[in-house]
Amino acid sequence: MDYQKLAKKIVQRATKKGASQAEAFLEVGRQSSVRVREGQIEDLTQSTSKGVGLRVVVKGRLGFAFTSDFEPSGLDLLVDQALKLAQAAAPNKLNGLPGVKELGRFGDTGELYDAAVANLPGDWKVKAALEMEKAGRAEDSRVTTFNAVGAGDFVSEVYVASSEGMAGGYSGTYVYLFAMPVAAADGQLQKGYWLDYKRFLADLEPPESIGREATRRAVRMLGAKRVKTQQVPVLFDPLVTASFVSGVARAASGNAVHQQASMLASLQGKRLASEHVTLVDNGLLPRGLSTAPFDGEGVPTRRTPIIDRGVMSNFLYDAFTARKAKARPTGNAKRGYNAQPSIGTSNLYLEAGTTPPEQLIREVDRGFYVTSLLGHGANPVTGELSAGANGLWIENGELTHAVQEVTVAGNVLKMLQDMDGIGNDLQFRGGTVGAPTVRFRQLTLSGE
Amino acid sequence: MPRASAPTRRAPSSQLAPPAVRQPSPAPLLPQALLERLLAVAMERGGDFAEVYVERTHSTSVALEESRIKSAQTGLVQGVGVRVISGGKVGYAFSDDWDEPALLRAASTAAMIAQGQGSERSFPVSRVAVPSHYRVPTPLSDVEVSLKASLLTRADQAARAFDSRVTQVNGVYVDQTRRIAVANTEGRYSEDTQDLCRMSIQVVAQGKKNERSTGSYGGGGRVPFTHWATFPPEDVGREAARQAVATIGAVDCAAGPQTVVLAPGWSGILLHEAVGHGLEADFIRKGTSLFAGKLGEKVASELVTVIDDGTVSSGRGSINIDDEGTPGERKVLIENGVLKGYLYDTLNAKLMGQRSTGSGRRESFRHLPIPRMTNTFLAPGNHHPGDILKEVKRGLYCATFGGGQVDISNGNFVFEVSEAYQIEDGKLGRPVKNAILIGVGPEALKNVSRVGNDPQPDPGMGVCGKNGQSIPVGVGLPTVRIDNVTVGGTQVG
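Protein chains in written order, with numbering that gives the first Met the number 0: chain A, 0 to 447; chain B, 0 to 492.
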């Protein structure tokens, strides 16, 4: 089926039936995944999926409907539903799809599709998962079981068409490996977690190395205990830093800022951190998981520094919010077919520093190296962060015993000011957010 | 008393009357002959068990921002998932195409997990009557969207009228009418219609020094739209506003162990995180939960009896049948501190020689069923809530809660407190900001020293995530005191 044509047809049907503007966002995908357990396949899943979301504007009122039913009757119903819903919405003169000015030329994304992933044979995944499990067990005999070990791939196509002249599509591939071993000693269980998620098969870390690293991360947590309540220097490993900077980016949503519901609301142009701190959203990052020529409403993606050498520089916008805030859209409308666009990040990363992470640890007399956080992260309105933390204790510049059942707390704005070390180990570990190891001068650790 | 003003809808443990049996609805999702055909194809390579899961979900969502209805949307998602079990291995394939060739393709893909010879056995099924724990005479998908939108407008107005320091109100109303059919090679075929709705309101308030604070409240359940007459949206808006205003000027939270008193209701997520997940049979079978192998052992204070109940009338987590066709059940997980049982789905029950407890749930046809909770609550105790507070010299009163999370292996769980007060000499003191509780499941439950006689279900807004699948759940708790809980905060000493 020609999905680009189908998207166009849906738009035409909507305008014919009374929409002043219409936009169809269509997704088609197929995925396959495998998990193994004790040298055997545990489960195999295969599927195809598709869906289309239709946004219409009728006399300044917005309506939206979606369906996975592509039969002519299903698509008729889709158009009728969207038009009907527009009647329930309040008119707003800012409503409207991105126009010629906002649509513009697409930037260069480089390759998004790897034929090697698209044609990956099923037994490659089985073999890779088995290798991970074997390597994970071989690495340390204290690994007694796995929560899951698996591999999968995913091929997707996206098409957008609108009455305002948008017509585009792209397809992409994704492949991933993950291992979640559990280590046991002295009645304590500790889990490990390691993964890799890439667009290109050649970029993927070897299964054996994923399995081994997952085990190392489980085993090093054995013997974890609480420490005293105190204020100490705290390091976040790259995964934890990634979740921290995601919280900062949530507060940089143009909508939250416009509503004064963000800790960053009045800080544009102000210094937030040292000049070594640069946080970037880049929809055109070569080989990035979230790289695409246009966002969820057809606006070209781009590179947007949120914090530029320590200064709060740009907020993220979709077309509607940009109009409302008299700003320019940044290509950050994120969505699936079953939702309307809302502001989100594409490939988000904290730029790497120059210090090896080992040195960041070595410079600390007593401190806490955090390897996982529990909880939902910072409140984007107030910046308050309080989260459960697991990790390793630092004494005299060396990692010593494991720590659990403690929390770290602070305010994100203060933490940004306090960020006094950035590692050279930037990595996108299993997601669209990348970060290196970072160190904060001081955080409150709550324990005994 | 800074208590959530949630109108009590029901006592969580009083739903023991025999459920009425619902008449099978006349128009099946898929013709029975096709279900049987799919089962036969799924078994053609000799699996041990096959199941066809059919789902059609109509959903609506309405969003309010800056006192306007920003958008309204509806959607239809439908699909079929075919599962084949062969030994301990599972094959799963799903499709959102309903045409026969696509469905047959999914069935033969799932069949590939078995490596046996061709078989042409047939697998007749017969329709099983299901209980009825929720009654929604008019499906929510048939209610006019404008009525749904007006709930948000009313909540917005009430929130803004509550206090001049309220600066922003955002609201969402969502509902779904989900029809499922499950047929398996054991001959069972059942259908259920599961309506569900929820409204939630977020408020931002700003104090004199421009300090911001937030409040959030909502509710719903497997209830007809008339629910909103007895659970007025104005109450929801006012409660969210009250929380936001109450926490303006909150002081930093002291870090370290404290005695905490939990307000009743939504605080039940404590159980959900501290024990509930750790009792799910997949973690038990794989030995990844710290509760594995502890049946019959004391894992909590004698005051603690934990129940998971899928049969609560109109409960958000209630299910007439789970997503494997097994009727929902009431299960005692911990009785007077002793571990009594786990939560089983079909697969884990088979592999462990147990029976399913009606806990096999899935987000949609795109997912495999896994053991999950339904409505999880703590049975009431004998203490008067007022006395519980009075006895505490110094501590923390936790009035409203955000969410929680658990690591089921080391048992560490957190529990975010969005509104808390210092307790001084048995009385509530200043509001405290940014508190979080952390503990290890069984240890925290051993420190439960008072359980109130005021059981309260949450107002109906819980969403539980596991293995990437989100499902609706309910929780409930009476007022509870726990000693020596580590409280996360910023103030030391």
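There may be inaccurate statements among the hints.
[As the list claims (entries may be wrong)] Simulated pairs of lysine to aspartate or glutamate, EDC-like, Cα-Cα distance not exceeding 20 angstroms:
id: 1; chain 1: A; residue 1: Lys227; chain 2: B; residue 2: Glu65
id: 2; chain 1: A; residue 1: Lys325; chain 2: B; residue 2: Glu64
id: 3; chain 1: B; residue 1: Lys285; chain 2: A; residue 2: Asp139
id: 4; chain 1: B; residue 1: Lys285; chain 2: A; residue 2: Asp107
id: 5; chain 1: B; residue 1: Lys88; chain 2: A; residue 2: Glu41
id: 6; chain 1: A; residue 1: Lys227; chain 2: B; residue 2: Glu442
id: 7; chain 1: B; residue 1: Lys88; chain 2: B; residue 2: Glu185
id: 8; chain 1: B; residue 1: Lys88; chain 2: A; residue 2: Glu37
id: 9; chain 1: A; residue 1: Lys325; chain 2: B; residue 2: Asp141
id: 10; chain 1: A; residue 1: Lys83; chain 2: B; residue 2: Glu210
id: 11; chain 1: A; residue 1: Lys224; chain 2: B; residue 2: Glu442
id: 12; chain 1: A; residue 1: Lys413; chain 2: B; residue 2: Glu65
id: 13; chain 1: B; residue 1: Lys465; chain 2: A; residue 2: Glu41
id: 14; chain 1: A; residue 1: Lys92; chain 2: B; residue 2: Glu65
id: 15; chain 1: A; residue 1: Lys413; chain 2: B; residue 2: Glu185
id: 16; chain 1: B; residue 1: Lys297; chain 2: A; residue 2: Glu37
The set of hints was computed from the structure by calculation and includes no laboratory data. Note that this is a predicted model, so its numbers are computed, not measured.
Outcome of the hint check:
1. Lys227/A with Glu65/B: violated (45 angstroms)
2. Lys325/A with Glu64/B: The given pair, whose Cα atoms are some 18 angstroms apart, holds under the 20 angstroms limit.
3. Lys285/B with Asp139/A: holds (18 angstroms)
4. Lys285/B with Asp107/A: violated (47 angstroms)
5. Lys88/B with Glu41/A: holds (5 angstroms)
6. Lys227/A with Glu442/B: holds (18 angstroms)
7. Lys88/B with Glu185/B: Within the cut-off at roughly 18 angstroms; holds.
8. Lys88/B with Glu37/A: holds (12 angstroms)
9. Lys325/A with Asp141/B: Distance ~39 angstroms between Lys325/A and Asp141/B Cα, so the pair is violated.
10. Lys83/A with Glu210/B: Not satisfied, since the Cα-Cα distance of roughly 42 angstroms exceeds 20 angstroms.
11. Lys224/A with Glu442/B: holds (13 angstroms)
12. Lys413/A with Glu65/B: Not satisfied, since the Cα-Cα distance of roughly 30 angstroms exceeds 20 angstroms.
13. Lys465/B with Glu41/A: Answer holds: Lys465/B to Glu41/A is near 18 angstroms, not above 20 angstroms.
14. Lys92/A with Glu65/B: Given pair Lys92/A, Glu65/B holds - Cα atoms ~14 angstroms apart, limit 20 angstroms.
15. Lys413/A with Glu185/B: violated (61 angstroms)
16. Lys297/B with Glu37/A: violated (31 angstroms)
The structure fails hints 1, 4, 9, 10, 12, 15, 16 (numbered hints given earlier, in ascending order).
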